[in-house]
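Undergrad: Below, each chain spelled out in residue letters.
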Amino acid sequence: MAATVKYDEVETGQQIPPADYPVRRVNLVMYAGASGDFNPIHWNERFAKTVGLPDVIAHGMFTMAQGGRFVTDWAGDPGAIVDYGVRFSSMVVVPDDEQGAVITVSGVIEEKLEDNRVVVALTARSGDSRVLSKARAVVQLA
Amino acid sequence: MALNRDFVGRASAPSAPYEVSRVKIKEFATAIGDNNPIYRDREAAQAAGHPDVVAPPTFPIVFSLAGGTILADPELGLNFAMVVHGEQRFEYQRPIHAGDELVSVSTVTDIRSVGRNELITVKSDVTTVDGEPVCTTYNTIVERGGAG
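Residue numbers (full-length UniProt numbering), protein chains in the order written: chain A, 1 to 142; chain B, 1 to 148.
The set of hints was computed from the structure by calculation and includes no laboratory data.
Please note: incorrect hints may appear among the correct ones.
[Stated by the list, open to error] Here's a subset of chain A near chain B, in silico, CB distances under 8 angstroms, partners left out:
{"id": "1", "residue": "A34"}
{"id": "2", "residue": "G36"}
{"id": "3", "residue": "A65"}
{"id": "4", "residue": "G68"}
{"id": "5", "residue": "V82"}
{"id": "6", "residue": "P95"}
{"id": "7", "residue": "V119"}
These numbers come from a predicted model, not from an experiment.
Beta carbons: idealized from backbone N, C-alpha and C, even for Gly.
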């Protein structure tokens, strides 16, 4: 609960520098195991194609987790996030090669609330697609 | 197939208690590629004011997917092969940490059609076994082509 960022030192409109999070098939296998979401669209290309997807896609929750990581790394303490919500607007397609895909997350201080809280608006992209929309975290600052 | 609107308002029975362990938090943090010591090292967590290692913000998905007991009811008519995740939100009353024993009650709050898709939203109220509120999750899933 000890965010290292001070409320008085941030301003509305302030940008948080972007970060790149690579995702390969092995990450999706690990995420499936850790989360318990074994939907084959996240690890089985043959199945993904039979249900009309271009290839294996990342779990939406994996992408949301990268956005969460972006905010907690900025705030300094995971316990500082008091609300976090996203809409999954596009798929992160993860090809079966060494490069995989990259999720790029950036943020901006959208609003300063009372009680030292701020709203961080997140943007997450993979390739040409915006993969999260309406992505907002409310963070309790010091 | 269109989802059964009679399910709006339906609530699950309280889940069996889910025991949050250091090992599971570490496994989850590793799976999302996050090396933050607050997820792994009790001393680092305590230095930040927490009683034990803390769970990452999206960790509640591990046990709140138990809303699945409603989603798996054949009367609802959900085709899991066509499901993708639409929206997700977590409201935290306090951080989750190792040692917590958590109970979830899930309620279907909305079913609607958007274009050819069916959307269903499940809210889960997560408390400790003693009834202390910990977080509220909102999970909207999309059945592609379900309304077609």
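Undergrad: Hey, does the A65 of chain A contact hint survive, CB to chain B under 8 angstroms?
TA: holds, 4 angstroms
Undergrad: When the nearest CB of chain B is found for P95 of chain A, is that gap smaller than 8 angstroms?
TA: violated, 18 angstroms
Undergrad: Would the hint on V82 of chain A be counted as holding, given a Cβ-Cβ threshold of 8 angstroms to chain B?
TA: Since chain B brings a Cβ to about 5 angstroms from V82 of chain A, closer than 8 angstroms, the hint holds.
Undergrad: Can we keep the A34 of chain A interface hint, with Cβ of chain B closer than 8 angstroms?
TA: Since chain B brings a Cβ to about 4 angstroms from A34 of chain A, closer than 8 angstroms, the hint holds.
Undergrad: Go through the hint on V119 of chain A and say holds or violated, using the shortest Cβ distance to chain B against 8 angstroms.
TA: With a closest approach of 13 angstroms, the V119 of chain A hint is violated.
Undergrad: Regarding the hint that G36 of chain A lies at the interface with chain B, is the smallest CB-CB distance below 8 angstroms?
TA: Because about 6 angstroms separates G36 of chain A from the closest Cβ in chain B, which is inside the 8 angstroms limit, the hint holds.
Undergrad: May I ask you to test the interface hint for G68 of chain A with respect to chain B, counting a Cβ-Cβ separation under 8 angstroms as satisfied?
TA: The hint holds - G68 of chain A has a Cβ within 8 angstroms of chain B, the shortest such distance being about 4 angstroms.
Hint violations for this structure: numbers 6 and 7, all remaining hints satisfied.
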